[in-house]
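Assemble chains D and A onto chain P, guided by the hints.
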Amino acid sequence: MRNKTGKLLINGLLVLTLGLTTAGCSSQSSPAKVDSASSYPEKNIELVVGYKPGGGFNEWAQAIAPFIEKHLPNKVNVTVRNMPGAGGVIATSHIQKAKPDGYTIGLYDVNGLAPTQLARPDSFDLKEVSWLGTVAVDNNVGSVQGKGSNTAESILKQEKPKYIVSTRGLASNDSIVGAISLTEMGVKWEPLNHEATSEAVLSVIRGDADILFGSYESQQKYIESGDLKPAIWFGTERNPKYPDAPIPSELGYPEFNEIFDTYKMIGAPPGLPEDVSSTLEEAIQKAMDDPEFHKVLEKMDRTPSYLNADETEERVEKLLEDYAQYTNIVKNLFEKGE
Amino acid sequence: MIRINENNVFSIAIFLFGLLIFSATLDLRDDIALIPKIMSFCLVLFSGWQMIYDLFPTIREKININSKRQEKKEEFSLSDSAAAQEEDEIETKELVKKRYFFIGWMILFITLVYFTSMIWGILISMILYLKWISKETWKMTILYSASVALFIYLVFVVGFEIYYFM
Amino acid sequence: MGFLSQLGNVLQLDMMLFLVAGVLYGLIIGILPGLGGSIAMALLIPLTFSLTPEQAIVLLISAYGSSNFGGSLTSILINTPGDASNAATAFDGFPLAKKGKAGMAIAAAMVASALGGLIGLLVLDLMIPVARKLILAFSYPEFFMLAIFGLTIIAVVTTGSLFKGIISGLIGLMFAYIGTDPIMGSDRFTFGMDYLWDGIPLLAVIIGMFGITEAFSLFSQNKAIAHDVQVNKGGTWQGIKSVFQNFWLFLRSCFIGIYLGMIPGVGGTVASFMAYGTAVQMAKDKEKFGKGAIEGVIAVEAANDSKEGGNLLPTLAFGIPGGASMAVLIGGLMIHGLTPGPDMLTNNLDITYFLIAAAIVGKFVAMFFGLLLGPKLVFVTKIRGSIMAPAIITVSLVGAYGTDGKFGDIMVALLFGLIGYYMMKYGYSRIALIIALVLGKLMESSYHQTMATFGPEGFVTRPIALTLVVLTIASLIWHFIKKMKQKNQMKGELAA
Numbered sequence: 001m002r003n004k005t006g007k008l009l010i011n012g013l014l015v016l017t018l019g020l021t022t023a024g025c026s027s028q029s030s031p032a033k034v035d036s037a038s039s040y041p042e043k044n045i046e047l048v049v050g051y052k053p054g055g056g057f058n059e060w061a062q063a064i065a066p067f068i069e070k071h072l073p074n075k076v077n078v079t080v081r082n083m084p085g086a087g088g089v090i091a092t093s094h095i096q097k098a099k100p101d102g103y104t105i106g107l108y109d110v111n112g113l114a115p116t117q118l119a120r121p122d123s124f125d126l127k128e129v130s131w132l133g134t135v136a137v138d139n140n141v142g143s144v145q146g147k148g149s150n151t152a153e154s155i156l157k158q159e160k161p162k163y164i165v166s167t168r169g170l171a172s173n174d175s176i177v178g179a180i181s182l183t184e185m186g187v188k189w190e191p192l193n194h195e196a197t198s199e200a201v202l203s204v205i206r207g208d209a210d211i212l213f214g215s216y217e218s219q220q221k222y223i224e225s226g227d228l229k230p231a232i233w234f235g236t237e238r239n240p241k242y243p244d245a246p247i248p249s250e251l252g253y254p255e256f257n258e259i260f261d262t263y264k265m266i267g268a269p270p271g272l273p274e275d276v277s278s279t280l281e282e283a284i285q286k287a288m289d290d291p292e293f294h295k296v297l298e299k300m301d302r303t304p305s306y307l308n309a310d311e312t313e314e315r316v317e318k319l320l321e322d323y324a325q326y327t328n329i330v331k332n333l334f335e336k337g338e
Numbered sequence: 001m002i003r004i005n006e007n008n009v010f011s012i013a014i015f016l017f018g019l020l021i022f023s024a025t026l027d028l029r030d031d032i033a034l035i036p037k038i039m040s041f042c043l044v045l046f047s048g049w050q051m052i053y054d055l056f057p058t059i060r061e062k063i064n065i066n067s068k069r070q071e072k073k074e075e076f077s078l079s080d081s082a083a084a085q086e087e088d089e090i091e092t093k094e095l096v097k098k099r100y101f102f103i104g105w106m107i108l109f110i111t112l113v114y115f116t117s118m119i120w121g122i123l124i125s126m127i128l129y130l131k132w133i134s135k136e137t138w139k140m141t142i143l144y145s146a147s148v149a150l151f152i153y154l155v156f157v158v159g160f161e162i163y164y165f166m
Numbered sequence: 001m002g003f004l005s006q007l008g009n010v011l012q013l014d015m016m017l018f019l020v021a022g023v024l025y026g027l028i029i030g031i032l033p034g035l036g037g038s039i040a041m042a043l044l045i046p047l048t049f050s051l052t053p054e055q056a057i058v059l060l061i062s063a064y065g066s067s068n069f070g071g072s073l074t075s076i077l078i079n080t081p082g083d084a085s086n087a088a089t090a091f092d093g094f095p096l097a098k099k100g101k102a103g104m105a106i107a108a109a110m111v112a113s114a115l116g117g118l119i120g121l122l123v124l125d126l127m128i129p130v131a132r133k134l135i136l137a138f139s140y141p142e143f144f145m146l147a148i149f150g151l152t153i154i155a156v157v158t159t160g161s162l163f164k165g166i167i168s169g170l171i172g173l174m175f176a177y178i179g180t181d182p183i184m185g186s187d188r189f190t191f192g193m194d195y196l197w198d199g200i201p202l203l204a205v206i207i208g209m210f211g212i213t214e215a216f217s218l219f220s221q222n223k224a225i226a227h228d229v230q231v232n233k234g235g236t237w238q239g240i241k242s243v244f245q246n247f248w249l250f251l252r253s254c255f256i257g258i259y260l261g262m263i264p265g266v267g268g269t270v271a272s273f274m275a276y277g278t279a280v281q282m283a284k285d286k287e288k289f290g291k292g293a294i295e296g297v298i299a300v301e302a303a304n305d306s307k308e309g310g311n312l313l314p315t316l317a318f319g320i321p322g323g324a325s326m327a328v329l330i331g332g333l334m335i336h337g338l339t340p341g342p343d344m345l346t347n348n349l350d351i352t353y354f355l356i357a358a359a360i361v362g363k364f365v366a367m368f369f370g371l372l373l374g375p376k377l378v379f380v381t382k383i384r385g386s387i388m389a390p391a392i393i394t395v396s397l398v399g400a401y402g403t404d405g406k407f408g409d410i411m412v413a414l415l416f417g418l419i420g421y422y423m424m425k426y427g428y429s430r431i432a433l434i435i436a437l438v439l440g441k442l443m444e445s446s447y448h449q450t451m452a453t454f455g456p457e458g459f460v461t462r463p464i465a466l467t468l469v470v471l472t473i474a475s476l477i478w479h480f481i482k483k484m485k486q487k488n489q490m491k492g493e494l495a496a
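Chains as they are written, first to last, in the UniProt record's numbering: chain P, 1 to 338; chain D, 1 to 166; chain A, 1 to 496.
Next up, chain P with everything else stripped away, as it sits in the complex:
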């Protein structure tokens, strides 16, 4: 949506009033290596994000775009293109249909998209995407009110007749994690749905809902401020920061340790030519290794975790299989109460 700033009209306006900004910004757009024999890329590349500005995905896209740009062989821009709608489906089908020329790539919320694909297989297929790499892997966490008495053990013992799970659309990844794990654990629960994550979080802080599932990244600041506390940590070992939160295997459900990890993956339309995909993969890898990028992420309090294209593809396939296993639970959810 926005880009290198030299010719921005608004920048023109700012230049008039303050020379400072311009100096600062133009220094950003410097290095470029023109040494590749291949002609790709010849024009600007669009990094499509399926959400509006203001969320985690947009944040990551904005952060990494300048570094992919920096490590591409030719001097072109990588612009972030927000294409919100239908929980990322609009952006995903856009990429699916785009020309596989390497000028349209996307940052995928595979955990949200996988269940959607299983529920309605016609709009896109994650298996066909030309995967380029993973930029972030995040744990899932089930959080309860910071001052409240709910814990994983009390929920498992069903101390309350039913537990209210704060959700943001039952088709969303966050809710599916909760639905699958609580149902498999035999806990009686009921969804309390919200339009946005912020409302869902607030409802747990208020004490209206008992528990909220989601990626650690989306709950981190509320956990750190003490408004929420993790009750269950989905991972292979306890998080040293939250030693009190058990992992699923300690509760007797080792199968949930890993399957709910959330990914931010970069992919391109199906049928991307070999040379283009290797150029892009390399640029992404170099960007992920760039110490300057790490500095930016540090400022944002985010941790990168890189997986290469092949690993990414494997994870996607595994993810789809795992979700397919639980499709019945998900399907039941959609028909519950009928």
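Be careful, since some hints might not be right.
If we take Cβ atoms under 10 Å as the criterion, some of the chain A residues that face chain D in the derived model are [stated by the list, open to error]:
no.: 1; residue: G2
no.: 2; residue: I39
no.: 3; residue: K406
Quick list of simulated restraints, FRET-style, between CB atoms [claimed, not checked]:
no.: 4; chain 1: P; residue 1: Y306; chain 2: A; residue 2: P53; range: 25 to 31 Å
no.: 5; chain 1: A; residue 1: D350; chain 2: P; residue 2: K127; range: 48 to 54 Å
no.: 6; chain 1: P; residue 1: S39; chain 2: A; residue 2: D350; range: 52 to 58 Å
Keep in mind the hints are simulated off the structure, nothing from the lab. Remember, predicted model here, so these are calculated numbers, not experimental data. Just so you know, even glycine gets a beta-carbon here, dropped at the ideal spot from N, CA and C.
Chains D and A only, in chain P's frame:
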């Protein structure tokens, strides 16, 4: 006696829209359908009454004659649709034709946006409008449409680099 | 008044340069169709990478705070709101422009915005110690009652036939239900279209119903917006004065704005409509509304800018964005290592006060430029209709398209332009439709949320919810008693 004019078509459209949503609620789970079902039922009822009222002027006349209903009529003041209808009859054919021309032009506009881009859509449809609908001079037509298109181009495409405008 | 301690830090030369730049940028973004406060900030964030956190705050908050000013200009002048929250400004602002009083309306809007913003921020400053408790006091039953209260406003703002007003409201509700359902979050009434998943876009509807509908009538009349009247040039002073003449209305609207802005999930657009509704309700002469009552402009603009103070409250107290723009602001602050949340009220209190001080100064700078430039734009109301019509259509379509770049939004704007035209022609209420569209989802989801958490007794056992019930019933009864009285009076006059 049934009267068919724009007003009636509009009333029928509202009624059908209500009916569409109401029928769609029948396939939904009970709790999800609850509120839309109640509300769409109300809409079907109300707009149905309005539609019958508009379609059969004789009913309206009966109500108007019936003095007991006078109170009710004031409460809901259905009478202003009658005023609108009279206006409708006064409205010359020329004006109605012009209006459909305008609607057609807008549809052309968005078709152009779809097949070319916002900027070209603006430029071409402005020229068409000014020359053939508004019958301006060539100088005015070209200058005005070019400057509007150029302004949008400079601000949105050059300035903010908003990709979907080009 | 903790912000006073930081006022000096804002009034530095370099800070003021950023502030003026931010304000001008915000004003321009606001005037441009389709670009509102959240986009204003999203576009600026990359520019702030090289700035200090303080400079970034000043730039972002002043751009955000002034975008509302620009948005109200297009609402008043050509009936095309730049942002959904400016829509209600058009209800009476545009009729004023038709009467040749655009200058007065603009001046009143600017002053009401600036002072409203000031009051919102002052209240925010004072509420900081109790912020967290206050926000947690509101839950689903209160949201539900708020929505019901808002919907009853339809009865009040409908000037013509109440029967058709109700039909209009019901149509609005139908459109509100399109999208995702509030219980499962799966799609409903989308008729197989992916586009409809996110519901009918409010801004496109408003642009269609007001901007495009206006172009229709301009085209068929072929006259200037303010035809047959002398365009009043000296309206500025009159406009400024009118805010102070209606000071109670102004203050009341400010509190509506703060109150509704504070609650995440209810949001700012509702605030401006509610403020408009109560302005009509409390007015002695209801008939003048919608035909160019300056009170309508003042109420909406005051609520519109004071809500920012309310919006900031959950943002600062919990790190929970009070609205879409706040989510972007949080993103912008996080890049500079500032995480909005409870820390902002304790360890980083200085930064919070600095932000408030910058926002307040920004409001006044924006008012200065608004008063300077706004009245100069009044000339557009004197341009011949056949020339203005295509320009308004262009601005409207660009506005609908500009926000997200979805082609469907253009179609929605055009469709609702047609619907709006026929609604106007046959005596239906466009305002009622939009109020229902804004509140329909809130009403439905908060109903189900209350049932899931508190059960049916939740509606009547909570004191705040109960107060709202009483208020709703009282205001309806009051409205009808007044109407009856008027009717009796009219009958008496007729008999005499």
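Quiz prompt | K406(A) as an interface hint toward chain D, with CB separation required under 10 Å | solution = 9 Å, holds
Quiz item: If you take the shortest Cβ to Cβ gap from I39(A) to chain D, is it below 10 Å?
Solution: OK, holds: I39(A) within 10 Å of chain D, min 9 Å.
Exercise. Could you tell me whether the CB distance from S39(P) to D350(A) stays inside 52 to 58 Å?
Key: The hint (52 to 58 Å, Cβ to Cβ) holds, given that S39(P) and D350(A) are roughly 54 Å apart.
Quiz prompt | Evaluation of the interface hint that places G2(A) against chain D, nearest CB under 10 Å | solution = 37 Å, violated
Quiz item: Given a hinted range of 25 to 31 Å, is it respected by the beta-carbon distance of Y306(P) and P53(A)?
Solution: 29 Å Cβ-Cβ, so the 25 to 31 Å window holds.
Quiz item: Okay, D350(A) versus K127(P) on CB: inside 48 to 54 Å?
Solution: 52 Å, holds
When each numbered hint is compared with the structure, a violation occurs for hint 1 only.
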